[in-house]
Amino acid sequence: MEEVTAEVARVDMSRVDQLFKGINKNDIQRPTGQVDILIGTDCCILMPNKEEQIGILQLMRNQFGYCIRGSHPLLEVPKLSNHGIVRIYWASGNIIPLNDIHVLDRDSIKDKLDSLFDIEGPGKQTTLKCGSCMTHDEESQQWIVNYPWIKNPNNLPNNVNSAVSRLGSTEKRLLRNSLEYASAYDEQNMDMVKRGIARKLTKEEMEIHNGPVHYIPHHEVLKPESKSTPLRIVFNSSSSYMGHTLNDYWAKGSNVINDLLAVLIRFRQESIALAGDISKMYNAIRLSPLDQHTHRFVWRNLETHRDPDYYALLTVTFGDRPSGAISTLALHQTAKMYQHIYPDASKMVIRNSYVDDILQSVESVDNARLITQQTEKMLACGGFRIKPWIISGNEKCGSTLQSQDSGESVEVDLDEFAHEKILGMRWDPKQDLFDFKVKINFSPKSKNVRKGENITKSQIENSVPTSLTPRMVLSKVARVYDPLGLATPYTLAAKVLMRKLCIENNTNDKTKVNSRWDYAMSAESRLEWIAFFKELFDIEQLKFHRCLKPDNAVGDPMLVIFSDGSKLAYGTCAYVRWGTAHGGFESRLVIAKNRIAPTKQMSVPRLELCGAVLAARIRQKLVEEMDYKFSRVIHIVDSMIVGAQIQRELWIRHICCYKGSRNSK
1 MEEVTAEVAR VDMSRVDQLF KGINKNDIQR PTGQVDILIG TDCCILMPNK
51 EEQIGILQLM RNQFGYCIRG SHPLLEVPKL SNHGIVRIYW ASGNIIPLND
101 IHVLDRDSIK DKLDSLFDIE GPGKQTTLKC GSCMTHDEES QQWIVNYPWI
151 KNPNNLPNNV NSAVSRLGST EKRLLRNSLE YASAYDEQNM DMVKRGIARK
201 LTKEEMEIHN GPVHYIPHHE VLKPESKSTP LRIVFNSSSS YMGHTLNDYW
251 AKGSNVINDL LAVLIRFRQE SIALAGDISK MYNAIRLSPL DQHTHRFVWR
301 NLETHRDPDY YALLTVTFGD RPSGAISTLA LHQTAKMYQH IYPDASKMVI
351 RNSYVDDILQ SVESVDNARL ITQQTEKMLA CGGFRIKPWI ISGNEKCGST
401 LQSQDSGESV EVDLDEFAHE KILGMRWDPK QDLFDFKVKI NFSPKSKNVR
451 KGENITKSQI ENSVPTSLTP RMVLSKVARV YDPLGLATPY TLAAKVLMRK
501 LCIENNTNDK TKVNSRWDYA MSAESRLEWI AFFKELFDIE QLKFHRCLKP
551 DNAVGDPMLV IFSDGSKLAY GTCAYVRWGT AHGGFESRLV IAKNRIAPTK
601 QMSVPRLELC GAVLAARIRQ KLVEEMDYKF SRVIHIVDSM IVGAQIQREL
651 WIRHICCYKG SRNSK
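Residues in the sequence shown are numbered from 1 upward in steps of one, following the UniProt record's numbering.
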């Protein structure tokens, strides 16, 4: 063997050396160059001993000095050579590391050339900061996580007195507002202990613990519209104490959540839709002992006359900075671990899940039942439990599903899910349609809840306040959630009116935006908004097929994309056009997007060109994310100028940078 290993590359320790106090960065800086000697295990006296540990990063020391082992989000290890060097993690017992074996490649010359000439790319790849902090316990079938600490947790102050003070404020508020809510709050706290989400700490345990300690304040969040949980307990990891915030001590982790738009589009592909909701997803992942003691809280069952009891959270907590990345990584890794057994279920979870929602569309009810059963078995190996599935169609095809709690079949009446929320959109699974519901309420708020009832179309004129402000109308318009752009005619009209309000008081320069939100708008603008709110109720009459494929469709579809622009706005919409068994054609709207024109006036041809660019981006998105094989893709514009700009290559070379970059789309 000519070489012991490849050359050792330098590791940037400039941010990590600050974690260990009293250590000079020169003492732990890894040398570079060739490795000359490997020391065998027979020289065990030279094995380094652990001096200090932060998360899963350890400071070691032996006769040669200091060294660091483990991993940390701030520790950027350079990629190694292309000689297939493999890094192997070993663990004893039933603990299986997240990445058992993986190869680290160094950037090749080709990659460097590609990056040199890659002037504008679709995005930048990121490195996971939470992937290596999880292990899977096969015995308990649960994930165990070490939070990615980027600051020394020993620097956290013990804020127990502040937590007790905050508890007193929460108790007074609960008892003053509603005994029903106060009782529900206490029941939820005790339920967390019963389900193993939290545990009560003993006095002896607290005395012998010598690691970092931090208490998280908690408060109630009211959701009267929720039938299952009208009140929820929220732990506030962003609370500050003496300049320290717990969330600032953790890395957030990379954004590994699937694109919402892509998940919704694929949900519309086939005739049978199914939707699953993972029950208490975050609570399925357990915390390490270190992280449990930095997730303490206090509670005393509303018995305000006595000292509080001390508890520790045992699972990942909603509101923690890395919780979203950790839970999604655990879910996806569970699917990858069993993809050789359940390939279809694994693909569905990895590709068509969004946080705790799983959406899929298949060709038949039998396929839906099979994939739901496989998904339940697969995710149970990671500690995840799914609520009863919802399958589109009539009651029979959407009813009989197996409960994981009892193991018996349960009947799901689709009438109870007549307007189920799917990633924020209203879906009627029985009729398999998307629809909209308008909620307008100008009554005062109490604890973030409106005191009065929602108004109807006939009550608009008498219910709109005389002093109507931009903030009021914006809050009403923002309630129309429409990620697919199915209600674009209404949302675009609202944007145009909002733009008018923003420049209403700037009479000298109409290109300047008014940043004030609480001034009373003019009588003319108020009448315009009253008229708009009346028209907005017509949106409730709109219904869209969830499935983009008609029952009698034959062959592959055609993708047809329109774009246009005006002085006020520009936009695009995409349809799939199917041939039918009767020799006809049927089209269905896939997506629509719009943009308001800037306050600085632009020519209509330029705005039409912006619409064409938006159409090109939508086309790319649909082709990449959908499983359809389009027979043709057609762009339609009604502007001769835009068509000429796109086709004249010689003209493109001499045109300004603004137009040239858009024509290239």
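To be clear, the hints were calculated from the coordinates, so they are not data collected in a lab.
A couple of the hints might just be wrong.
[As the list claims (entries may be wrong)] Label pairs and their in silico Cβ distance ranges:
(1) Arg69 - Leu542: 57 to 67 Å
(2) Asn177 - Ile530: 49 to 59 Å
(3) Met602 - Glu180: 49 to 59 Å
(4) Val449 - Val480: 47 to 57 Å
(5) Gln339 - Glu461: 53 to 63 Å
[What the hints assert, rightly or not] Listed next, the in silico DSSO-like pairs over lysine-lysine satisfying Cα-Cα at most 30 Å (straight line):
(6) Lys445 - Lys567
(7) Lys50 - Lys151
(8) Lys476 - Lys500
Where is the CB? At the ideal position from N, CA and C, for every residue including glycine.
We went through each hint and held it up to the structure:
1. A hinted range of 57 to 67 Å holds for the C-beta pair Arg69 and Leu542, which are about 60 Å apart.
2. With their beta carbons about 34 Å apart, Asn177 and Ile530 fall outside the hinted range of 49 to 59 Å.
3. Between Met602 and Glu180 the beta carbon distance is about 56 Å. The supplied range of 49 to 59 Å therefore holds.
4. Restraint check, Val449 to Val480: a C-beta distance of roughly 20 Å breaks the suggested window 47 to 57 Å.
5. For the pair Gln339 and Glu461, the beta carbons lie near 59 Å from each other, so the given range of 53 to 63 Å is met.
6. Restraint check for Lys445 and Lys567: the C-alpha separation of about 38 Å exceeds 30 Å, so the hint is violated.
7. At most 30 Å may separate the alpha-carbon atoms for a hinted pair to count; Lys50 and Lys151 meet this at roughly 19 Å.
8. Proposed proximity of Lys476 and Lys500 is supported: the alpha carbons are some 17 Å apart, at most 30 Å.
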